[in-house]
Amino acid sequence: MKCMRFITLLVAFISFHSVYASDSSYTSLTWKNSVWSSGQYVGDLSEWVYFGKGKATVAEYRAPKSSFSFSTAFRENEDGSTELESIVGAVRIGNGYIKLETGGAEGQLYNPDPTNPLILPEDKTFQTQLNTLAIGWPWRAGSGVKYGLAWVNLVQPAEIDLTYYSVLADAGYVGAPTWAESAVDPEFSNHIVGYWLDIDSLSSFMNGQGTFYSSPTVTDSFIRGFALDIEAVVGYYFSNPGLDLEPILRDAYGLNYEYVESTGLAWNISYKLAYNLVYKLAESNSIGLQLGVEGRAIQVLMEFSEDQQVQSKDQAIGKIGIGDNASYQWGPYVRLAWEF
Amino acid sequence: MILSTILNLRSIALICLCLLLSACEGEIDTNEDAPGSTPSPEQQNLNNNDSFLNAYRVSNLPFTLNDSLSTTDTVDYFVVQLQANHYRQYSFALRNLTGDADIELINAYLNRESWSDNEGTDDELIEYWRDYFDPDDNIVFLKISNRSDSEISYTMEIN
Chain A
4 MKCMRFITLL
14 VAFISFHSVY
24 ASDSSYTSLT
34 WKNSVWSSGQ
44 YVGDLSEWVY
54 FGKGKATVAE
64 YRAPKSSFSF
74 STAFRENEDG
84 STELESIVGA
94 VRIGNGYIKL
104 ETGGAEGQLY
114 NPDPTNPLIL
124 PEDKTFQTQL
134 NTLAIGWPWR
144 AGSGVKYGLA
154 WVNLVQPAEI
164 DLTYYSVLAD
174 AGYVGAPTWA
184 ESAVDPEFSN
194 HIVGYWLDID
204 SLSSFMNGQG
214 TFYSSPTVTD
224 SFIRGFALDI
234 EAVVGYYFSN
244 PGLDLEPILR
254 DAYGLNYEYV
264 ESTGLAWNIS
274 YKLAYNLVYK
284 LAESNSIGLQ
294 LGVEGRAIQV
304 LMEFSEDQQV
314 QSKDQAIGKI
324 GIGDNASYQW
334 GPYVRLAWEF
Chain B
20 MILSTILNLR
30 SIALICLCLL
40 LSACEGEIDT
50 NEDAPGSTPS
60 PEQQNLNNND
70 SFLNAYRVSN
80 LPFTLNDSLS
90 TTDTVDYFVV
100 QLQANHYRQY
110 SFALRNLTGD
120 ADIELINAYL
130 NRESWSDNEG
140 TDDELIEYWR
150 DYFDPDDNIV
160 FLKISNRSDS
170 EISYTMEIN
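Taken in order, these protein sequences are the chains called A and B. For the record, in the first sequence the residue sitting at position 86 is 89 according to this note's numbering, with numbers rising by one throughout. For the record, in the second sequence the residue sitting at position 7 is 26 according to this note's numbering, with numbers rising by one throughout.
Hint data in this document are derived by calculation from the structure and do not stem from the laboratory. Since the model is a prediction, treat every value here as computed from it, not as a measurement. One or more of the hints may lead you astray.
[Claimed, not checked] These stretches of chain B come out as covered by chain A in the derived footprint (C-beta under 8 Å, 3 or more residues):
id: 1; stretch: 54-66
id: 2; stretch: 71-83
id: 3; stretch: 100-109
id: 4; stretch: 122-131
[Said to hold, decoys possible] Where chain B lies over chain A, by a calculated footprint (3+ residues, C-beta under 8 Å):
id: 5; stretch: 51-65
id: 6; stretch: 79-92
id: 7; stretch: 162-168
id: 8; stretch: 180-193
id: 9; stretch: 329-343
The C-beta atom is built at its ideal place from N, Cα and C for all residues, glycine as well.
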């Protein structure tokens with residue numbers, strides 16, 4: 004809670020400072036379910052991945068003209084405890100722009116089907132992480148569109164496909180565990196390095212400019228309409244396993260385990276689609292209400308690996324299945340914002 | 020509008036490209052002609068039953084066994100042959116403990132069905148109702164873990 008007070012004070016300080024900077028800036032509070040909740044986390048892995056219910060409150064400050072923004076999300080868990088879920092900061096340096104994001108949450112693995120042979124680690128808790136570093140430039144002044152390069156690192160559970168010597172896979176041993184076709188690595192690290200595109204609708208919407216990502220209608224003191232923010236990274240994909248499956252497979256089947264690295268192409272996209280209602284109090288003062296849906300998806304699209312085969316009868320090969328680990332997070336939110 | 024058109028065209032092109040490329044994936048072959056030999060389970064050796072593979076096989080019930088665990092040999096595994104098509108309750112107990120130990124019941128698919136983790140030398144007991152039949156060869160695994168910092172002995176009873 005001390006940290007939350009500090010962040011709130013920091014946002015208030017920045018807001019106060021921006022008044023003297025004569026730069027239109029926006030401070031907002033957002034209420035939503037945490038994106039790291041079971042209901043919000045969908046995709047291939049949601050069958051085994053569980054998060055506690057959590058409400059998130061996001062405090063954000065944005066100054067579009069100077070490309071400065073700072074956002075913190077606090078998660079309030081069911082037991083009443085509060086923790087910092089994510090921090091996002093962005094700043095303009097010269098003609099460039101740097102954005103940093105870090106966050107994550109605790110989760111737990113669970114196999115709801117006890118007759119599904121699936122290898123899970125003994126410790127079934129895990130810590131997700133999402134880290135983003137982007138460096139870019141504005142596409143056109145005032146457009147809110149930026150492009151550049153980015154690195155995305157997402158640590159989350161992943162399904163590892165297992166392949167064995169065919170006779171073993173068909174027959175197994177008498178009195179031995181059923182052959183599992185896959186294992187879950189709870190803290191598998193995915194990396195994407197590539198092209199970055201960021202579309203921020205705030206400036207164009209508040210200036211009444213209609214674009215495909217901003218459709219404001221201005222009447223008297225009101226501005227209303229839909230706006231869409233998109234951030235996408237498309238590029239080279241590589242990964243690092245977080246769980247050593249070697250002792251688990253040796254213990255279960257007496258097999259030597261080998262992990263095959265996966266590289267390829269992947270993309271990460273996040274979006275906010277919202278309906279905005281803004282009331283202009285004065286020349287540069289306004290308050291707004293935003294009702295929206297936000298989401299995020301990460302998906303590996305293509306793999307560079309070559310075909311391989313099991314090299315001996317006591318070998319098991321593990322590899323992530325391209326396209327099998329797509330994850331999506333989404334959920335509605337309510338935001339109250341004010342402009343100074 | 021120009022940006023919109025360009026972005027839309029690029030997006031469509033990118034999606035089409037991704038759909039085409041998504042078919043590219045390195046396959047892992049099971050290899051019917053793999054050399055070497057397959058691992059051999061050793062299921063009747065109480066001195067080497069520290070993995071699922073080498074779990075000591077219990078074929079006839081009721082079954083009673085006195086055994087021990089040390090600070091280096093911290094787990095014992097047993098594979099228990101249940102009666103096929105016979106719905107009944109089984110009990111798995113650890114008694115006469117000289118230190119803290121826990122017991123887990125794990126099914127043939129490596130999923131934990133139940134466990135008992137009482138403190139100290141209190142008895143451990145799992146009661147398991149077998150109410151389904153599926154192709155699991157009618158086996159379950161028992162994992163006994165030493166939770167103390169010294170050698171302990173136990174009596175295992177399966178009924």
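Which numbered hints turn out to be false for this structure? The structure conflicts with hints 3, 5, 6 and 9, although it agrees with all the remaining ones.
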